[in-house]
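Participant: Letter by letter, the chains look like this.
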Amino acid sequence: MHVDTSPDPMRIYRAKRDASHVYVKSKYNILGFISSGTYGRVYKAEDASGNLHAIKKFKPDKEGDVVTYTGISQSAIREIALNREISHENIVSLKEVILEDKSIYMVFEYAEHDFLQLIHHHSQTLRCPISIPVLKSLIYQLLNGLVYLHSAHILHRDLKPANILITSKGQVKIGDLGLARLSAQPLQPLFAGDKVVVTIWYRAPELLLGAKHYNNSIDCWAVACVLAELASRRPIFKGEEAKPDSKKNLPFQRDQLLKIFEVLGSPNEKDWPSMTHLPEYTSLKRLDPCPNRLFDWCQSCLRSQAGYDLLRQLFVYDPDRRLSAREALGHAWFKEDPLPTTNAFASVNSNQIPPHRRITQDDAPSMSMTIPFQPGQSGNAVLSGSSQQAQVQAKSGHSHHTGTNGSLGDVGHGTTKIRKKPRLG
Amino acid sequence: MATDFWASSHYTRWIVDRATLKQARADDSAYVPEPEYLDFLTIYFANLITKLGKKLQFRQRVVATATVFFRRFYLKNSYCETDPYLVISACCYVAAKAEESPVHIKNVVTESRSVFGQAPYNVKHFPSDNSKLAEMEFYLVDDLECDLVVFHPYRTLLALCKKDSSMSPGGGNSDMPTQEAEAGELGTGIGAEDGPRFWGTGEGKLELSEVALQTAWFIINDTYRSELCLLYPPHLIAITAIYLTLVLHTPTQNSIAHLLPHSSAFNSDIPIASESPQAIPQPRRSSRSSDPSSKQTQQDPISFLADLNVSLSAISTIAQEIISMYSLWNRYKEDPTAEETRNSNMGPSMGSGSPASHTSQAGVGQRSGSTPLGNTPGSVGEGGTDDSANQPNNPWPFGQGRVVTAMFLSSMLNSMREARMSDMAHPSSGRPVVVNRMLERTG
Numbered sequence: 001m002h003v004d005t006s007p008d009p010m011r012i013y014r015a016k017r018d019a020s021h022v023y024v025k026s027k028y029n030i031l032g033f034i035s036s037g038t039y040g041r042v043y044k045a046e047d048a049s050g051n052l053h054a055i056k057k058f059k060p061d062k063e064g065d066v067v068t069y070t071g072i073s074q075s076a077i078r079e080i081a082l083n084r085e086i087s088h089e090n091i092v093s094l095k096e097v098i099l100e101d102k103s104i105y106m107v108f109e110y111a112e113h114d115f116l117q118l119i120h121h122h123s124q125t126l127r128c129p130i131s132i133p134v135l136k137s138l139i140y141q142l143l144n145g146l147v148y149l150h151s152a153h154i155l156h157r158d159l160k161p162a163n164i165l166i167t168s169k170g171q172v173k174i175g176d177l178g179l180a181r182l183s184a185q186p187l188q189p190l191f192a193g194d195k196v197v198v199t200i201w202y203r204a205p206e207l208l209l210g211a212k213h214y215n216n217s218i219d220c221w222a223v224a225c226v227l228a229e230l231a232s233r234r235p236i237f238k239g240e241e242a243k244p245d246s247k248k249n250l251p252f253q254r255d256q257l258l259k260i261f262e263v264l265g266s267p268n269e270k271d272w273p274s275m276t277h278l279p280e281y282t283s284l285k286r287l288d289p290c291p292n293r294l295f296d297w298c299q300s301c302l303r304s305q306a307g308y309d310l311l312r313q314l315f316v317y318d319p320d321r322r323l324s325a326r327e328a329l330g331h332a333w334f335k336e337d338p339l340p341t342t343n344a345f346a347s348v349n350s351n352q353i354p355p356h357r358r359i360t361q362d363d364a365p366s367m368s369m370t371i372p373f374q375p376g377q378s379g380n381a382v383l384s385g386s387s388q389q390a391q392v393q394a395k396s397g398h399s400h401h402t403g404t405n406g407s408l409g410d411v412g413h414g415t416t417k418i419r420k421k422p423r424l425g
Numbered sequence: 001m002a003t004d005f006w007a008s009s010h011y012t013r014w015i016v017d018r019a020t021l022k023q024a025r026a027d028d029s030a031y032v033p034e035p036e037y038l039d040f041l042t043i044y045f046a047n048l049i050t051k052l053g054k055k056l057q058f059r060q061r062v063v064a065t066a067t068v069f070f071r072r073f074y075l076k077n078s079y080c081e082t083d084p085y086l087v088i089s090a091c092c093y094v095a096a097k098a099e100e101s102p103v104h105i106k107n108v109v110t111e112s113r114s115v116f117g118q119a120p121y122n123v124k125h126f127p128s129d130n131s132k133l134a135e136m137e138f139y140l141v142d143d144l145e146c147d148l149v150v151f152h153p154y155r156t157l158l159a160l161c162k163k164d165s166s167m168s169p170g171g172g173n174s175d176m177p178t179q180e181a182e183a184g185e186l187g188t189g190i191g192a193e194d195g196p197r198f199w200g201t202g203e204g205k206l207e208l209s210e211v212a213l214q215t216a217w218f219i220i221n222d223t224y225r226s227e228l229c230l231l232y233p234p235h236l237i238a239i240t241a242i243y244l245t246l247v248l249h250t251p252t253q254n255s256i257a258h259l260l261p262h263s264s265a266f267n268s269d270i271p272i273a274s275e276s277p278q279a280i281p282q283p284r285r286s287s288r289s290s291d292p293s294s295k296q297t298q299q300d301p302i303s304f305l306a307d308l309n310v311s312l313s314a315i316s317t318i319a320q321e322i323i324s325m326y327s328l329w330n331r332y333k334e335d336p337t338a339e340e341t342r343n344s345n346m347g348p349s350m351g352s353g354s355p356a357s358h359t360s361q362a363g364v365g366q367r368s369g370s371t372p373l374g375n376t377p378g379s380v381g382e383g384g385t386d387d388s389a390n391q392p393n394n395p396w397p398f399g400q401g402r403v404v405t406a407m408f409l410s411s412m413l414n415s416m417r418e419a420r421m422s423d424m425a426h427p428s429s430g431r432p433v434v435v436n437r438m439l440e441r442t443g
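Chains as they are written, first to last, in the working numbering: chain D, 1 to 425; chain X, 1 to 443.
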């Protein structure tokens, strides 16, 4: 038998590639850690010209374990593939992807705020509603981005306040395409890949009732939930998610459906003929009927007949009759005063704008700042100490920081706050 | 399938010219005895990807995407500096994910080892642990510049043509959506918005018999054995496949004959007819030709093609490329021991082929049916014992028009890499400077 004694057949290739590789750290200065999730971690970084970026590093470090190549996750492949094809002012743009040291780094444009942070800022700090001009501008831009995604046959499938970002210039940027999928020509039904899509509070009724086929309209439902949440500063349908049993059977999402019915009333076959075919239809019939009180709900929050009408049409149960993103964008509400603005914060005093995104020192080894951060670049300054910290803590809760808040002894800052140039109002 | 084709990474970054293709093979051409072998390698690799794809139970589109990834990777790299087998595995692994039908990395490793380890490939070095494939995936995705959405001609085919419902319903390739509704989802054009560059007429579809539609589908499958996917946008390839089906597929030709103003002139229009005369069956009446009543609603295919907003000279160039790929493929043998089986399948199947029995384009390149699937029982062992083609010192066993075997190409690949490695390791050794035959020929 022929014993293979030849060297690694990829040797020349590997050497060439490794020699030409540009390392993340040689190109970007990591300023701090923003948030983490199941996918990995997000860092704030700046490049040589001082432009800010959010770097998403896939896969959390297995501390202690030796990290090996395990294959790129489906979610990362999706997010990379789709982001490379799209370009729109209301979608977070992917600057580059760096594959390095068994990790994937996606470099995105940086956005200072997000919807969730804005909601918290208004409910916790300012204790006042988000003004209608701001709210309308945010929803308009959100729909504008969604029209683009849908026209490109992309379903977002995870729209929620935390995933919708806002730049310091008041521009909405839809983020996180990790669950997004092409809807045109699927080789497999959408259901086959991901059994559960959309965070429960924003999940459309057809999904809650077990629909295996769905379309763009699930994103439109989520937009309606987001609109309602901006208006009332709390999730409109804050249900408890029923967890899958040990056999991974998908449970009936009773509580979430009840939360919806309490506001929108129970669905009926006349308005939604196809619901009788949904897997959970029989479970649904056992729930107590509720009347529709969306109009009352809007009286206290939205205070506009047209605004109510938009919400009502986005909250239509039948996915085929629900308003599409494009139809929503053309809705009368956006044509009545106050008109939406390109800078959603155009009407806001600068002291009402939410504070900058909180960043911390990372406790994960691979992106930790082995070289202490050099202050003074492009007008930024590193500040530390309790006075800054208190200010930042005020808007806590928006980030998904699930890791421990350990600080790096060498660097010495528990929390690092970056102060930027003053914003334009 | 995503977004607007004209704004896609496929169109804006991955359609290249012939000079770029040639440049990409510059290093490799120094290590092959004849430049022609590079063209055979193009077929060889596509067949391998198809073979691995079948083992992994891929749909045709996943195989096609994997093949495009492979071609793009070798726009930037050389066969002789890489391990093409590992690259093939990585292409399949990534393509499955990119097409939303993921397979486990372990399966890819196992099936790759099984496919590549056999004759005629006899690859012994394929890594058994997942991390090597996952590492290659990283390099691959990086070399692909993260552009993982690929457009394929199948979509155009189904957007432009519909099955003539009056003809033989049912059956068919599982990869080919036969339901009108499914095809309807494709929309009218490639773009999300049909801008000024929309290439279709926007009205009506060309009605084709199921056999004809399938033939066009198979021709598209076969185009992945060339580098056309790097040279032309997929819709032009699809239109060429329709054109070739109309011209070469006898039953289709018969069924449309009455629609053509002067069918003999149409035939003599074919610029490629003389290149490969035996490949084009003489028109003859087929018992399968449809009954005349079904033809009344058919659109005149000439005006249909003429009305498309595409360059017909580009179509004719692509048609020539496809035909010359077929004539090359006729000289390629995946497995010499399977020859008898294959020969018995040969014949003017363009005129008589039954759609179900052919898994690939019927007729010109019959191998399309047998080679990717050519796991003839017993052939593996017999092929493995045939060392004659495996000797590196064997004089190149054939000249123009002779047959090239997969086994020969496998050992040639090994020699190419070994020679390259030794050149890189000892640049000033006594080894004569390699002659770039490609340049020699054209210079």
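Watch out, some of these pointers could steer you wrong.
The calculated EDC-like cross-link candidates involving lysine to aspartate or glutamate, where the alpha carbons are at most 20 Å apart (straight line), are [said to hold, decoys possible]:
#1 Lys132(X) x Glu327(D)
#2 Lys95(D) x Asp27(X)
#3 Lys95(D) x Glu36(X)
#4 Lys270(D) x Asp288(D)
#5 Lys27(D) x Glu46(D)
Because the hints were derived from the structure by calculation, they are not lab data.
Participant: Each hint: holds or not?
Facilitator: Hints, one by one, checked against the model:
Pair hint Lys132(X) plus Glu327(D) does not hold up; C-alpha atoms about 49 Å apart against a cutoff of 20 Å. Straight-line distance between C-alpha atoms of Lys95(D) and Asp27(X) comes to about 32 Å, which puts the hinted pair past the 20 Å bound. Only pairs whose Cα atoms come within 20 Å are accepted, and Lys95(D) paired with Glu36(X) is rejected, the gap being roughly 41 Å. In summary, the hint linking Lys270(D) to Asp288(D) is supported, as the alpha carbons are separated by about 18 Å, within the 20 Å threshold.
Note on Lys27(D) and Glu46(D): the hinted pairing holds, with a Cα-Cα distance of about 9 Å set against a maximum of 20 Å.
When held up to the earlier numbered hints, the structure conflicts with 1, 2, 3 and fits the remainder.
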